[in-house]
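Asks: Sequence:
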Amino acid sequence: MAPLSRCADVRQAALDLTCTAQRSLALLSAALEPAVFDRSALLEAVAVLARRRGAYLRILVREPRYVMARGHGLVELARRLSTTIELRRPHPQHRDGTEQLLVTDEAGLLFRPTELRYEGWASLYAPVEARRRLRFFDEMWSLAEPDPDLQRLYL
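1 is the number of the first residue of the sequence shown in the numbering used here; add one for each residue after it.
Fair warning: there could be bad hints in the mix.
[What the hints assert, rightly or not] Okay, the calculated beta carbon distance ranges per label pair: (1) Arg70 / Arg95: 11 to 21 Å; (2) Ser5 / Ala41: 18 to 28 Å; (3) Gly54 / Glu119: 26 to 36 Å.
If you are wondering where the hints come from, they were derived from the structure by calculation, not from laboratory data.
Beta carbons: idealized from backbone N, C-alpha and C, even for Gly.
Start from the sequences and build out the full structure, keeping to the hints where you can.
Replies: In structure tokens:
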């Protein structure tokens, strides 16, 4: 597992994980941190993954109003590729957490205990820990609800 300590580390780990993913991505974030998740290279990697047959991308956003107030490329991409990218807001019992989590293909993992700092770790292959974190994500996902702000399509 590679330690993360700077924004550039987190950005590169997220990009590496997304580029190597073949079928699934699960992301938990407070506000889809623009310095990490609203970058052209990452958005392109997400688009490539989302267009793969059988791909399924799930994104939980704790603060959707903050995201919508400033706009976000990942939200716009999810609107265009809504059959494979789904955005939800966690149930109120899960909204107070601070961790950030990215799991790809049940094996790749980026984890930050708090989004307030760039400290954490990532691995392209950590299946035991990735599956453990994915179970936590799945529990949150099962209780999460679509957020009207994230789903709204502007014509």
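Asks: Next step is simple, just say for each hint if it's right about the structure.
Replies: Going through the hints against the structure:
1. The given range of 11 to 21 Å is respected by Arg70 and Arg95, whose C-beta atoms sit roughly 19 Å from each other.
2. A hinted range of 18 to 28 Å holds for the C-beta pair Ser5 and Ala41, which are about 21 Å apart.
3. The beta-carbon spacing between Gly54 and Glu119, approximately 34 Å, falls within the hinted interval of 26 to 36 Å.
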